Every structure is written in structure tokens, then in C-alpha cells.
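Just need the whole structure built from these sequences, with the hints factored in.
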Amino acid sequence: DAKTTQPTSMDCAEGRAANLPCNHSTISGNEYVYWYRQIHSQGPQYIIHGLKNNETNEMASLIITEDRKSSTLILPHATLRDTAVYYCIAADQGGKLIFGQGTELSVKP
Amino acid sequence: GAVVSQHPSRVICKSGTSVKIECRSLDFQATTMFWYRQFPKQSLMLMATSNEGSKATYEQGVEKDKFLINHASLTLSTLTVTSAHPEDSSFYICSAIDRGNTEAFFGQGTRLTVV
Numbered sequence: 006d007a008k009t010t011q012p013t014s015m016d017c018a019e020g021r022a023a024n025l026p027c028n029h030s031t032i033s034g035n036e037y038v039y040w041y042r043q044i045h046s047q048g049p050q051y052i053i054h055g056l057k058n059n060e061t062n063e064m065a066s067l068i069i070t071e072d073r074k075s076s077t078l079i080l081p082h083a084t085l086r087d088t089a090v091y092y093c094i095a096a097d098q099g100g101k102l103i104f105g106q107g108t109e110l111s112v113k114p
Numbered sequence: 003g004a005v006v007s008q009h010p011s012r013v014i015c016k017s018g019t020s021v022k023i024e025c026r027s028l029d030f031q032a033t034t035m036f037w038y039r040q041f042p043k044q045s046l047m048l049m050a051t052s053n054e055g056s057k058a059t060y061e062q063g064v065e066k067d068k069f070l071i072n073h074a075s076l077t078l079s080t081l082t083v084t085s086a087h088p089e090d091s092s093f094y095i096c097s098a099i100d101r102g103n104t105e106a107f108f109g110q111g112t113r114l115t116v117v
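Protein sequence lines correspond, in order, to chains W and D. The number in my numbering is simply the position in the first sequence, starting from 1, with 5 added. The number in my numbering is simply the position in the second sequence, starting from 1, with 2 added.
Just so you know, the hints here were simulated from the structure itself, not pulled from any lab data. One or more of the hints may lead you astray.
Claimed, not checked - Computed list of lysine-lysine pairs in DSSO-like fashion (alpha-carbon distance at most 30 Å, straight line):
(1) LYS66(D) / LYS101(W)
(2) LYS57(D) / LYS101(W)
(3) LYS66(D) / LYS16(D)
(4) LYS22(D) / LYS43(D)
(5) LYS113(W) / LYS43(D)
(6) LYS57(D) / LYS8(W)
(7) LYS101(W) / LYS43(D)
(8) LYS68(D) / LYS8(W)
(9) LYS22(D) / LYS101(W)
(10) LYS43(D) / LYS8(W)
(11) LYS57(D) / LYS68(D)
(12) LYS57(D) / LYS113(W)
Unchecked claim - Here are the simulated distance ranges between beta carbons:
(13) ASP67(D) / MET15(W): 17 to 27 Å
(14) SER46(W) / LEU78(D): 19 to 29 Å
(15) GLN62(D) / ARG21(W): 14 to 24 Å
(16) ARG113(D) / ASN62(W): 44 to 54 Å
(17) LYS43(D) / LEU85(W): 14 to 24 Å
(18) GLY105(W) / LEU28(D): 27 to 37 Å
(19) SER7(D) / ASN62(W): 37 to 47 Å
(20) PHE41(D) / SER14(W): 41 to 51 Å
Remember, predicted model here, so these are calculated numbers, not experimental data. Don't be surprised by glycine CBs; every beta carbon is placed ideally from N, CA and C.
In C-alpha cells form, the structure reads like this:
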């Protein structure tokens, strides 16, 4: 699986959009970009994934650059409950996910 | 999203004993399940991949005789930590993927403490 690089931590004001970047310059053609988040002492929660087109669901939007070497997860209106570690993972569809260190997002009032 | 349930959510056992952790897919058939371990302040580390009806595939460095995995049905996989020692204390998490889906779903995790 391709390695991803994310900032270690980020802060965001409550109610503002949180934009979490991810670099995956070695992603291969059959690998998707997956985003999960983990709130303390819980299992990871699926957020969104995409191959090359931008994606949006009820939780977030995923913007993937045209060359697929990077992406951004957007939480449009962050709340305190969005405080978590966010993981960006490049993987095929088989479900095997190799986790990096992720970004610790702190949403502040 | 699909629901994956782990049991127990936390367990304390004595050193030298074995502990079994169950992972169930509640509303779908999981062709493949995965087991992860997470130490405090660290990321999840994949331990093994479990396919229904076949032997699990272990990641490098994971002892297959210590971490026994059984995936007897399309809705249940179990991880048994044999002869547990304090260094096995960790957060164990499973995930499962449906043959018709492209994303894996995770259980809530099991906190194992070996005393």
C-alpha cells in the first residue's frame, strides 16, 4: 500500500470548516484514498473514500488532485465532537488498511 | 454504515492464561476480517487477515501460535491471545468488509489488560 503523509496535528474553530491535507505521491492506479477517524478509545469510524473524482457524503467532502498525489478532507462545519485522530490511507478495495500516524484534529470552542 | 461488534469491550486476565475476543458482523456477511493492535499513543498495527474458512495470514513479526485466529463463519472471527503476558496488554480492534462493499468497518475495540 502507498504511504501517506499527514500533519501531526491541527486546530480548528468550532463552526468553521476543517481542511485536513494528505500526501500520497506514490499511490498506484488501483488504490483508493480512504479517510477514517478515531475518537479516543474507540474503533476507527469510516468517513469517506474516493478514487479520482471528488466525493461528498453527509459527513465530509473529499477533494483529490488531478494527479492523485494529494487529497484534502473537508469537514464543512466542525463541532467539538469532530475532535479525533484522522487517518488518510491509500489502499485497494480489499479492506486491508495500513494506518499511519494520522492528524490529531482539535476543534476548539 | 455496517455494524461490527466486538466482545468483550474490556477484559482483565492473569498472566499465563488465554483470552478470546470475538468480532461479529451484525448486518452483513464479512468475507474478510482483519485484526489490529494499538498501543497507547500509537497508531493501529495490522496483525492478521482472516478469510472465512481458511487460515489467517499474519503480518511479519506477529506470532501465529500466540495469536490464534479463527474465522469459522461469514459473521464471526475470533482472536485468542494464548499464554498472555503483561506486554500483550493493548487495544485490539477488528474490522470487516462485505463482499459487495469497498470500505471496511471497525468494531469498537477490546481493551486487554494482563496482570
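Pairwise hint evaluation, LYS43(D) against LYS113(W), where the allowed Cα distance is 30 Å at most: holds, 21 Å
Cβ separation of SER7(D) and ASN62(W), checked against the hinted range 37 to 47 Å: violated, 23 Å
Given the hint that LYS22(D) pairs with LYS101(W), test it: the Cα-Cα distance must not exceed 30 Å. holds, 22 Å
For a C-alpha distance cap of 30 Å, please report whether LYS57(D) and LYS113(W) respect it. violated, 46 Å
Are GLN62(D) and ARG21(W) spaced within 14 to 24 Å by their CB atoms? Since GLN62(D) and ARG21(W) have Cβ atoms about 42 Å apart, the given range 14 to 24 Å is violated.
Lying within 19 to 29 Å: is that true of the beta-carbon distance SER46(W) to LEU78(D)? 24 Å Cβ-Cβ, so the 19 to 29 Å window holds.
Would you check the hint for LYS22(D) and LYS43(D), treating anything up to 30 Å between C-alpha atoms as holding? holds, 24 Å
Does the Cβ-Cβ separation between LYS43(D) and LEU85(W) fall within 14 to 24 Å? holds, 22 Å
Taking 30 Å as the top limit, are the C-alpha atoms of LYS68(D) and LYS8(W) close enough? holds, 29 Å
Holds or violated: LYS66(D) and LYS16(D), Cα atoms, limit 30 Å. Holds, at roughly 21 Å.
For a C-alpha distance cap of 30 Å, please report whether LYS66(D) and LYS101(W) respect it. The hint holds at about 18 Å.
Checking one constraint from the list: CA of LYS101(W) to CA of LYS43(D), max 30 Å. Satisfied? Given that 30 Å is the threshold and the Cα spacing comes to 22 Å, the pair holds.
Hints 12, 13, 15, 16, 19, 20 from the earlier list are contradicted by this structure; the remaining hints agree with it.
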